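Student: For reference, the chains in residue letters:
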Amino acid sequence: MIRATLMTGTGQRRSLDRTPATLSIPNPHRLPSSVALADEHLLVAAAKSGDAAAFEELVNRYEHKIFRLTMNITRNREDAEDAMQDAFLKSYSHLKSFQGDSRFYTWLVRIAANEALMRLRKRRPNQFSLDEPVEGEDDFMPREIEAWDPTPEQRYAQTEMQEILNDVIDKLEPDFRTVFVLRDVEELSTEETAQALGISVPAVKSRLLRARLKLRQKLNQHFRKGESN
Amino acid sequence: MNCKGVIRELSNYIDGDLDLAMKQELERHLGHCEDCTMIVDQTKKTVEIFCDSEPVALPSDVRVRLHNALHRKMQENLS
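From first to last, the protein sequence lines stand for chains S and D.
In the numbering used here, each residue carries its 1-based index in the first sequence increased by 1320.
In the numbering used here, each residue carries its 1-based index in the second sequence increased by 1.
Since the hints were derived computationally from the structure, they do not count as laboratory data.
Note that the structure is a prediction, hence the values are computed from the model and not measured.
Ideal Cβ placement from N, Cα and C applies to all residues, glycine included.
Hints may be right or wrong, so weigh each one.
Stated by the list, open to error - If we take Cβ atoms under 10 Å as the criterion, some of the chain S residues that face chain D in the derived model are:
1. PHE1375
2. GLU1376
3. SER1413
4. ASP1490
5. PRO1494
6. ARG1503
As the list claims (entries may be wrong) - Away from chain S, derived, C-beta distances all over 12 Å, residues of chain D:
7. MET2
8. ASP20
9. ALA22
10. MET23
11. ARG29
12. HIS33
13. ASP42
14. SER54
15. ASN78
For reference, chain D alone in the conformation it holds in the complex:
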């Protein structure tokens, strides 16, 4: 596998979706290619950072509007 092949399979690799033979082939390439190793590690890190990001704060006025609208809807359903 060459560098292009690694990039093509990068998402499948970091998601654990590659079959064993392909995974081993990719990892053999990583064993001697510093650039690809950096790209793989940094892409993983990118996913982790976004994945672990905190939900944005829900402004209190937005929350009040949401719950008011919900209560109106619930009342409509009851009547």
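Excised from the complex, chain S in its bound form:
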């Protein structure tokens, strides 16, 4: 095994063991370099002093990722658009209150996640709960355990793979999905995720574990060896 290092939303480094045979194609939209980070600080400073073009550059930079986030949480196009727009407008209005103790992007993600969650709760009030989960140990023990194709990305075209990912994440319960999206897609830390959602750190950890296991199980039917596409 090799150890890959990922940059988290706060600029701390988070490690994830990866098997050499299964590295994916890097996504150019993530993992900002230190140059990009320094650049972000400059843009935020300029925007705070009233430079509208600097703020618009920040919007250009993150609008795709924020739309992905709000789509992933709400799973509804109209709500995702509204949540994204309100998140950018609110971040613009409250920019002076941004202290710079986290990355601007992390701060923006928190605002966008809250906007998306507000809409999700309105639309599906019974499906999202801030309560701590009631845990039974046996209910998350994995069942279907089968060998996977070592490189499932090569089995499916990119659009086909995206459809699979959309389908499986859509079927995940909203409270698990939201934690997974913040931690594993947007790379917020456990503490940042807890803060954004107003739940405890143990609740984040518990939901993340369950979300990951449920997604693994849902992907099993697509990725197991010998599965024809």
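Given chain S's structure and the hints, the job is docking chain D onto it.
Tutor: Then chain D, alone, in the frame of chain S:
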């Protein structure tokens, strides 16, 4: 450590959050348990695939609406 223990610590393990003694104990179990090894590798793979997924395309009409709303807000602030 048994299989349940591995599953309980799975997230901490793949995030590199386990202390050394616990990590070694878990890896000793993986050394002889094919099922747990598959679950660990597949869960890592699951995280990687989602983590590396491309942002969804932002439809141009949505982008235009966003920037129009932003420009209105900026004008309000100026006036």
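Student: Please go over all the hints and tell whether each is borne out by the structure.
Tutor: Going down the list of hints, with the structure as the test:
{"no.": "1", "hint": "PHE1375", "verdict": "holds, 8 Å"}
{"no.": "2", "hint": "GLU1376", "verdict": "holds, 7 Å"}
{"no.": "3", "hint": "SER1413", "verdict": "holds, 7 Å"}
{"no.": "4", "hint": "ASP1490", "verdict": "violated, 13 Å"}
{"no.": "5", "hint": "PRO1494", "verdict": "violated, 16 Å"}
{"no.": "6", "hint": "ARG1503", "verdict": "holds, 9 Å"}
{"no.": "7", "hint": "MET2", "verdict": "holds, 14 Å"}
{"no.": "8", "hint": "ASP20", "verdict": "holds, 14 Å"}
{"no.": "9", "hint": "ALA22", "verdict": "holds, 17 Å"}
{"no.": "10", "hint": "MET23", "verdict": "holds, 15 Å"}
{"no.": "11", "hint": "ARG29", "verdict": "holds, 15 Å"}
{"no.": "12", "hint": "HIS33", "verdict": "holds, 15 Å"}
{"no.": "13", "hint": "ASP42", "verdict": "violated, 6 Å"}
{"no.": "14", "hint": "SER54", "verdict": "violated, 6 Å"}
{"no.": "15", "hint": "ASN78", "verdict": "violated, 8 Å"}
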